[in-house]
Amino acid sequence: MKGLCIQLSHHNSILFHSRRSTRTAYKNPTKFSIPYFSVSSSSSFPKISCIASTPLTTEVEEKLTFDVDEARLLVKELQNVFKSGKTKSYEWRVSQLKSIAKMLEEREKDITEALHKDLEKPELEAFISEISTSKSSCQHALQELQHWMAPEKVKTSITSYPSSAEIVSEPLGVVLVISTWNFPFLLSLDPVIGAISAGNAVVLKPSEVAPGTSSLLARLFEKYLDNSAIRVVEGAVPETTALLEQKWNKILYTGSARVGRIVMAAAAKHLTPVILELGGKCPAVVDSNLNLQVASRRIIAGKWALNNGQACIAIDYIITTKDFAPTLIDSLRRELEQSFGQNPLETRDVSRIVNKYHFSRLLKLLDEDKVSDKIVLGGQSNEDQLRIAPTILLDVPDDTEIMKEEIFGPFLPIVTVEKIEDSFDVINSRPQPLVAYLFTNNDQLKKDYVQNVSSGGMLVNDTVLHVTVDGLPFGGVGESGMGSYHGKFSFDGFSHKKSVMYRGFEPDASVRYPPYTPQKQRLLKALLSGKILAIIQALIGWF
Amino acid sequence: MIFSMEAVEESLAEARQTLRSGQTRSVAWRKKQLRALFELIHDNEEKIFKALDDDLGKHPTEAYRDEIGVVIKSLDYSLSNIEKWVAPKKSSVPMLFFPAKGEVIPEPLGVILIFSCWNFPFSLALDPLIGAISAGNTVILKPSDQAPACSSFLANTIPLYLDCKAIKVIEGGAETCERLLQQKWEKIFFTGSARVGQIVMTAAAKHLTPVVLELGGKCPTILDSFSNPRDFKVAIKRIVGGKWGPCSGQACIGIDYLLVEEKLASTLIDLLKKIIKRFYGENPKESKSVARIVNKHHFARLRNLLKDPLVAASIVHGGSLDEDSLFIEPTILLDPPLHSEIMTEEIFGPFLPIITLKNIQESIEFINSRPKPLAIYAFTKDETLKKRIISETSSGSVTFNDVMIQFLCETLPFGGVDQSGFGRYHGKYSFDTFSHEKAIMQGSFFPEIEARYPPWTAFKLKFIRLAYRLNYFGLVLLLLGLKR
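Quick mapping for you: the protein sequence lines, in order, are chains C and V.
Note that this note's numbering has the first sequence beginning at 1, numbered continuously upward.
Note that this note's numbering has the second sequence beginning at 1, numbered continuously upward.
Hints were generated in silico from the structure; no laboratory data involved.
Hints are not guaranteed to be accurate.
Unchecked claim - Simulated pairs of lysine-lysine, DSBU-like, Cα-Cα distance not exceeding 30 Å: (1) V:Lys386 <-> C:Lys88; (2) C:Lys76 <-> V:Lys90; (3) C:Lys488 <-> V:Lys381; (4) C:Lys364 <-> C:Lys374; (5) C:Lys86 <-> V:Lys387.
Unchecked claim - Examples of chain V residues lying across from chain C (beta carbon under 7 Å, computed): (6) His59; (7) Gly102; (8) Pro106; (9) Val234; (10) Ile236; (11) Ile390; (12) Thr399; (13) Asn401; (14) Asp402; (15) Cys409; (16) His436; (17) Ile449; (18) Arg452; (19) Lys460.
What the hints assert, rightly or not - The following label-pair restraints were derived from C-beta to C-beta distances: (20) V:Phe459 <-> C:Lys98: 28 to 36 Å; (21) V:Ala87 <-> C:Thr517: 44 to 52 Å; (22) V:Arg20 <-> C:Ser95: 26 to 34 Å.
Note that beta-carbon positions come from the ideal geometry of N, C-alpha and C, so glycine has one too.
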């Protein structure tokens, strides 16, 4: 992997940057990596250094052997463990979940440090958005597991009387979780918790773009969890490709829509169902009728205090009325100063940009002429420290990159409309986002918003909080993904719902058997039409 | 009729426009369509019988039981539950977020593509359609061209009854499928083979379209011994009914093979023969009660399965084929070689291999060494065996002491696992399959928790720690300055 830097990231293109690379994905005998993955010469980003910093190089080099054969062996091994039935037991699941809880308790400092190394995530932000969220997810699973695992009795219609039926949740088998770099800990652990709760064997592939967390996860999993059934495979595109060649019983992928397509196409070969957690441009509609200070702070919480905007649920752009925009900008400016001080490049209360590649990607978004003169706040950056100040832009034209692509960074464009209701069209003219936010006190507007805007989830008058609610499914729709997880939804996502029906031997109606006679046909028809259907069904024990 | 790319695009554009107009979202529209389907069936029953007879030689009674009846039942169920289904579901939100509230609202996914199959060309087209309509989507239905009479019946009749701007039928073969698969859909519902399922999913990946794959597999039936001969007889009747009853074995949830203890085999075969005779007469070829093989291609495929001399030698009953009438006699095989195609491929026809085991408990291992089937049937009164089957094997469904009835139980999800497919439908599950569950949380501007916002301080970290543990008492102490 030496000298090879890949962004299997939340973004448009996948780039290979070879410094002195001798090995690229081309050498990998895989069918689908070649047509899909675009390889760009390193010249466009000459300064990009390898993500894996020196201390990691040796470690990564050792893993060079992880190829298709290695992946096949790994899956085979886990399949055998799964077949042994070990992971199915309630006790095993609980013991693993408890170990995760213990790991979170004991290794909080290491996790915070890894997150600092990868993203300079402020300690408190790391705690809120990664550690404690994982903790509560784990605790919730421990609390509810027995309940989730219990077969669900369902009513049978009189159709098949006498009978009983239930739905049994069974583990799918060996599942693959591919996580991403922006919340490298939470987005790895949360799906793994779901997979374990449901009794599966799991392979986790953390993102190589957050190397500190990736190697920490590998170490922690080895130390705390049952390695016969739960594994971490570190690596980048070649390793992911090798993994995707294998037959899994489910794949949960978090990342970009582009790679999501590759994952799904690879899964199709084995008929593997997928959960794709993608992103999109999440809008926030801000009405004028609201508590402005609170709204501004929550917008800040949902943009810059959220991994500096590098989050799939971060606010991507704001839509507000022409008249209200100046007031909103003033308020945001005031609250930003409150939060991050006079010189936002200096504050350490906000994450940095993950790496040089994304830093230049972001600056390029501002480079366009039509964009740079729309900056009303911020715009400063420091390349050495990978810092970009919170930046607000007003009325950027629609045909710019910044308004077409998911920003995934600290820029907040404000789109203005005449009437606030016009915002629906602005949102609906784009692909469905993962979340659509709304700030208003107007109940009718809330109703219309819920009715007319389609998105993975919705949050009114706040940001981000909905993902911490276990009772709500988290997932996208359309370009923002498919399938959902969190809480019971994670359990369900990694379970197969098996229908089980029990029947007795009496009665046994002859009408269901051949030879078919006109009498039988008349009887069946009579039985099936009209409202007395159910009663007669009981008499014949068939339809 | 061959649909050009333009025609496909035009239909899709119209369906999309109808969707955007929002009219399909109203419950009234959905109910109106479902009622129209009722009417369609009511008015055209004879035509449906005729089409099913033309395509598959299905007897009207069988057609009613497996196709029309299923659809009517499904319509009934949807019509009486739809209001309940569309209602938002409340979900609890931690007290910390008070007074926020959470709910999940089902919304239509968009334009749906349904590929149906030829073996139940009527119900496998209309049953998913009912789900898609109930959830408020617009739909393009592509019936199987291998059941041409049913396909053209659906194409000609549906526009007369349903809203033709929202629900369209496109006929055609592989070429049409390809054209359809190039388009972007919000969901594709496919019933058919694993091989085509892969093609469908690969195409869907390009547009990130979620898919439901209803595939098949070799559905085993475990037959235990019974102390009461009457129970045994009922079991055999149900097995005969479940093998040759539905479309002469051309059914994804039909019985593929039987697992039985050695010592039972001869009694079993005698009884099977007797019941076959009772059901289909001395000369089953003359019987109107058994369906025909769908076409020459499948006839040849089935004939090939018997070509292997070792397989041919294992035939203990039946085995006669008549290409002109596409008829294959109900055929029983005893212990055909396990590596022969008849035991490795889904049979999808009127052959019933009986595999004998020393002990019926071995059936679990036998099943587990093969791909996961869509259904497992087991005739037994042994509670321990039942438990073992449920917990140690994996399949779309398990049914004890009967066959196929799980298909009729709306409260059970219908769908496969692994090679037998994924995604599920029937009843409420159909509605869910064609809905997006939109999570909605509503907060208010008061109260406001300072600790959520930067600049970050030690106090805020302490606060958040307590809050995440939902330690409300600790929080109060902290706020009062009493806690360190």
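Quick rundown of the hints versus the structure:
A threshold of 30 Å between alpha carbons decides the hint, and for V:Lys386 with C:Lys88 the separation of about 18 Å falls inside it, so the pair holds. Note on C:Lys76 and V:Lys90: the hinted pairing is violated, with a Cα-Cα distance of about 43 Å set against a maximum of 30 Å. Between the alpha carbons of C:Lys488 and V:Lys381 the distance comes to roughly 34 Å, so the proposed pair goes past 30 Å and is violated. Restraint check for C:Lys364 and C:Lys374: the C-alpha separation of about 14 Å stays at or below 30 Å, so the hint holds.
A distance of roughly 17 Å separates the Cα atoms of C:Lys86 and V:Lys387; the hinted pair therefore holds under the 30 Å criterion. The beta carbon of V:His59 is positioned within 7 Å of a beta carbon in chain C (closest approach about 5 Å), and the interface hint is therefore held. Taking 7 Å as the C-beta contact cut-off toward chain C, the hint placing V:Gly102 at the interface holds, the least distance being around 5 Å. For V:Pro106, the interface hint is violated, the least distance from its beta-carbon to any beta-carbon of chain C being 11 Å, above 7 Å.
Satisfaction of the interface hint for V:Val234 is found here, the shortest Cβ-Cβ separation to chain C being roughly 5 Å, below the 7 Å cut-off. A cut of 7 Å between beta carbons decides the hint on V:Ile236: the least distance to chain C is about 11 Å, and the hint is violated. Taking 7 Å as the C-beta contact cut-off toward chain C, the hint placing V:Ile390 at the interface holds, the least distance being around 6 Å. Proximity of V:Thr399 to chain C holds as hinted, the smallest CB-CB distance being about 5 Å (cut-off 7 Å).
For V:Asn401, the suggested interface contact is upheld, since its CB lies about 4 Å from the closest CB of chain C, less than 7 Å. The restraint placing V:Asp402 at the interface with chain C holds, with a minimum CB-CB distance near 4 Å, inside the 7 Å limit. Interface hint status for V:Cys409: upheld, as the beta-carbon distance to the closest one in chain C is roughly 5 Å, under 7 Å. Checking V:His436 against chain C by beta carbon gives a least distance of about 5 Å; that is within 7 Å, so the hint holds.
At a threshold of 7 Å, the smallest CB-CB gap from V:Ile449 to chain C is about 10 Å, leaving the interface hint violated. Below 7 Å, beta-carbon pairs count as interface contacts, and V:Arg452 has one with chain C at about 6 Å; its hint therefore holds. Contact between V:Lys460 and chain C, as hinted, is supported at the beta carbon level, the nearest pair being about 6 Å apart and thus within 7 Å. Between V:Phe459 and C:Lys98 the beta carbon distance is about 31 Å. The supplied range of 28 to 36 Å therefore holds.
The hinted window of 44 to 52 Å between V:Ala87 and C:Thr517 holds, with their beta carbons roughly 45 Å apart. Between V:Arg20 and C:Ser95, the C-beta spacing of about 52 Å breaks the proposed range 26 to 34 Å.
Violated hints, in rising order: 2, 3, 8, 10, 17, 22; the structure is consistent with all others.
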